[in-house]
Amino acid sequence: MTRVPQTILTVDDSPSIRMLLRFALAAQGYAVAEAEDGVAALEWLAAHERPDLMITDINMPRMDGFELVEAVRAQRPYSDMPILVLSTESSEEKVERARSAGADGWIVKPFDPQQLISTVRAAAA
1 MTRVPQTILT VDDSPSIRML LRFALAAQGY AVAEAEDGVA ALEWLAAHER
51 PDLMITDINM PRMDGFELVE AVRAQRPYSD MPILVLSTES SEEKVERARS
101 AGADGWIVKP FDPQQLISTV RAAAA
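Here the sequence shown is numbered in our numbering, starting from 1 and rising by one per residue.
Read the hints as simulated data drawn from the structure, not as lab findings.
Honestly, I wouldn't trust all of these hints.
Pairwise CB distance ranges, derived in the manner of DEER restraints [unchecked claim]:
# : residue 1 : residue 2 : range
1 : Q115      : S16       : 17 to 23 Å
2 : A27       : E96       : 31 to 37 Å
3 : K109      : R62       : 18 to 24 Å
4 : R76       : F23       : 28 to 34 Å
5 : P61       : A27       : 14 to 20 Å
6 : A125      : S16       : 16 to 22 Å
7 : E49       : T88       : 26 to 32 Å
We treat Cβ as the ideally placed atom computed from N, Cα and C, and that holds for glycine.
Start from the sequences and build out the full structure, keeping to the hints where you can.
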């Protein structure tokens with residue numbers, strides 16, 4: 001029996017960050033979908049099956065990560081989907097705001113691929 005890989009939706013306005021995430025996650029057997037901002041992420045979610053986890057940046061055009069997390073959490077199919085924030089910012093205020101919006105964890109950029117994978121595994125467990 002073939003195991004279907006877990007799908008992770010990555011949301012970041014930086015093509016290079018999306019590429020680094022794709023490389024690190026795909027190397028561990030994850031299927032990776034990408035969106036360049038919160039609006040594109042919501043469009044992706046509306047058109048595809050629910051991913052197993054979402055990783056989002058905070059500072060993005062059109063819809064930032066806080067707004068995205070709140071919008072995703074407001075939709076029943078995604079109310080319990082693990083969401084990780086990936087950001088260059090790590091102030092206690094920002095981390096608390098992300099948690100209040102519904103994020104499950106925080107990863108600081110630049111990220112260590114091993115730390116990323118262990119955080120993803122812990123959140124998806």
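Hints not upheld, ascending by number: Numbers 5 and 6 - these are the hints that the structure violates, sorted from lowest upward.
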